[in-house]
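Enquirer: Each chain is listed here by its residues.
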Amino acid sequence: MTDLTNKDISHIADLAKLNLNSHEIVKFKKQLSDIIGYVSHLKEVETSNVEPTSQTTNLKDVTRDDAANSQNSLTQDEALSGTEETHNGYFKVSAILEKDK
Amino acid sequence: MKFNPPLTIEETQKGLLKKDFSAVDLVDSYLDRIKKYDKNLNAIITLAEDSAYEKAKKVDRLISDYKENAFKDYPLLGVVVIHKDMFLTKGIRTTAASNVLKDYIPSYSATTVKKFDAAGCITLAKANCDAWAHGSSGENSDFGPTKNPWNENFVAGGSSSGSAASLAANYCLIATGTDTCGSVRVPANFCGVVGLKPTYGSVSRYGVIAMASSLDSVGHFSRTVEDSRKIFEVTKGEDGLDATLKNSNIILDKSKITVGIPKEFFVKGLDKDVEKGVFAAINLLKKKGINFKEVSLPHTKYGISVYYIIQPAEVSSNLGRYDGIRFGDEREVFGDEAKRRIMLGTYVLSAGYYDAYYNQAMKVRSIIIKEVDNVFKDVDALIAPVAPTNAFKLGEKTNNPLSMYLTDIYAATANLTGIPSIAIPYGFSKNRLPLGFQIMAPKFSEDMLVSLGKMFQQEISWKPEVPNI
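Respectively, the protein sequence lines represent chains A and B. Heads up: the first sequence is residues 1 to 101, going by full-length UniProt numbering. Heads up: the second sequence is residues 1 to 469, going by full-length UniProt numbering.
Mixed in with the good hints there might be a few duds.
[What the hints assert, rightly or not] Straight-line distance between alpha carbons at most 20 Å, and here's what the computed EDC-like set of lysine to aspartate or glutamate pairs gives: (1) B:K339 <-> A:D3; (2) A:K60 <-> B:D239; (3) B:K102 <-> A:E85; (4) A:K17 <-> B:D323; (5) A:K17 <-> B:E332; (6) A:K29 <-> B:D336; (7) A:K17 <-> B:D329; (8) A:K92 <-> B:E330; (9) A:K92 <-> B:D103; (10) A:K17 <-> B:E330; (11) B:K288 <-> B:E459; (12) B:K370 <-> A:E51; (13) B:K102 <-> A:E78; (14) B:K102 <-> A:E84; (15) B:K35 <-> B:E49; (16) B:K246 <-> A:D65; (17) B:K90 <-> A:E78; (18) A:K60 <-> B:E238; (19) B:K339 <-> A:D14; (20) A:K30 <-> B:D336; (21) B:K102 <-> B:D336; (22) B:K370 <-> A:E46; (23) B:K339 <-> A:D8; (24) B:K39 <-> B:D28.
Hints are computed from structural coordinates only; laboratory data are not their basis.
Starting from the given sequences, assemble the full structure and let the hints guide the process.
Expert: Quick look at the structure:
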């Protein structure tokens, strides 16, 4: 059994850029503890001489010609078509840097 | 003209050629059924009526002008398809069944969508699914659960719930899905249709909303194994856009085929009806001269745990792009299941836990792959149940995520190892819900799945059925 604390859940949510309310923290604490408790039986498998697998294709370094392909390019308008706020043909985002006060 | 459209590609194309009906008639008829039944079944999120009629008229012109030659140039001419709402469709809303993307209209189409278009298909609608393809029952959709056409009190299976239900309800001739851990095979099994999860790296994922990138495969639904083959002929192959693709096709020329029965798939928790169904199928295939042999895959029991570490890790990364800036809504709009998986993935990747969970899961994945590779030195394919039970009741597992996750316990092997698997319907339970089984084969051996599947459907003189809705 793995018991996550409210603090653990808040920390994970913070890393994942999710804002949780106190009700959600309590609910997810129980559910995530159950799931992590279940998957923890993997610890019993002997893996000291095993290499990890991150993909199954056996392909390596797949490249293409470094050339523009007009068939698979978007116009500026198309690229911006999913956003609500644009400015002079750019995506508009909230400021992340502040001026020295 | 409205009528009940035929259930196979061959009958549909024969009817079109003989002018028994037109492609416009087909669209009329499917739409009529959707409008009649879908308020209740909830398999569809978005209809594409205008573009479907436009394409249907084009199909009718092609058939008038070129007769049977039209079908040579366009192998799926006149085939009406419904795409899971994970596939980007240019100009047609694509939501991933999540409120985050409820207004998103893509500016390009997925490779597979383009291939279906070029092969003569008519796109009719976008199908409901678990939001972001996270789920085994279809109940995680922000657009409400899809009901099983065989019995509306039961789930359709997930995550490609709407695709499988659309096919069972005869809203279309074929449908697409994605399978990261059973998301094509489980709903196919619950709804009584054929579902193919191809080899990882055989069908392009370009333009399909990513869930867990080392596991996602793009598959499809049909009513016969032969139709599944026809669709795969169109969808497979390199596209220069998805770097995991390889053109490969292994054909085994062998007079005696041996199929393994992995004993770890027939353990406590497997429903008796489901188990009986698989063994009945084995006996039918024996009559056709197929050899069967018990084999052992002892690490099968760890598969779902490996999956529930690797998959959320990859989910947390893939859903990182949804920041509400370039498209879609803010992160607070994610539903509970997406939040759970993002947090689970963030946890297993975080400092202090990476080695214990993520790295250990990747190592156990290597062991499972080696075990399966070794078994395939001995047998040509594997037969197993698709899920521990057939369709369960709506709401039965929604409050217990862990018990929902265990629905996919028999699906994990194919995704973790990258091998192809086909779910084939066979028979019904006492309460008249579909049963079936899956056949798995080595990578790029879809040909083996098709020959065994077709042999089976010939032996039982398979006639697809549409339930009374």
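Enquirer: Please verify whether K370 (chain B) and E51 (chain A) have alpha carbons no more than 20 Å apart.
Expert: The given pair, whose Cα atoms are some 11 Å apart, holds under the 20 Å limit.
Enquirer: Under the criterion that the straight-line Cα-Cα distance not exceed 20 Å, is the pair K17 (chain A), E332 (chain B) satisfied?
Expert: holds (9 Å)
Enquirer: Quickly compare the C-alpha distance for K60 (chain A) and E238 (chain B) to 20 Å and report which way the hint goes.
Expert: At roughly 15 Å apart (the allowed maximum being 20 Å), E238 (chain B) and K60 (chain A) satisfy the hint.
Enquirer: Do the alpha carbons of K60 (chain A) and D239 (chain B) lie within 20 Å of each other, as the hint requires?
Expert: Judged against 20 Å, a Cα distance of about 17 Å means the pair holds.
Enquirer: Hinted pair, alpha-carbon criterion (20 Å max): K29 (chain A), D336 (chain B). Please report holds or violated.
Expert: Between K29 (chain A) and D336 (chain B) the Cα gap is close to 13 Å, so the pair holds against 20 Å.
Enquirer: Given the hinted pair K39 (chain B) and D28 (chain B), is their Cα-Cα distance within 20 Å?
Expert: Holds, at about 17 Å.
Enquirer: Would you check the hint for K30 (chain A) and D336 (chain B), treating anything up to 20 Å between C-alpha atoms as holding?
Expert: Holds - the C-alpha atoms of D336 (chain B) and K30 (chain A) are around 13 Å apart, at most 20 Å.
Enquirer: Is K17 (chain A) within 20 Å of D323 (chain B), Cα to Cα?
Expert: holds (9 Å)
Enquirer: Decide if the proposed pair is consistent with the structure: K17 (chain A) and D329 (chain B), CA atoms, cutoff 20 Å inclusive.
Expert: holds (14 Å)
Enquirer: Do the alpha carbons of K92 (chain A) and E330 (chain B) lie within 20 Å of each other, as the hint requires?
Expert: Judged against 20 Å, a Cα distance of about 14 Å means the pair holds.
Enquirer: Tell me if the straight-line CA distance from K370 (chain B) to E46 (chain A) falls inside 20 Å.
Expert: With a Cα-Cα distance of about 14 Å, the restraint between K370 (chain B) and E46 (chain A) holds, given a limit of 20 Å.
Enquirer: Check the hint pairing K90 (chain B) with E78 (chain A) against an upper bound of 20 Å on the C-alpha distance.
Expert: Judged against 20 Å, a Cα distance of about 11 Å means the pair holds.
The structure fails none of the hints (numbered hints given earlier).
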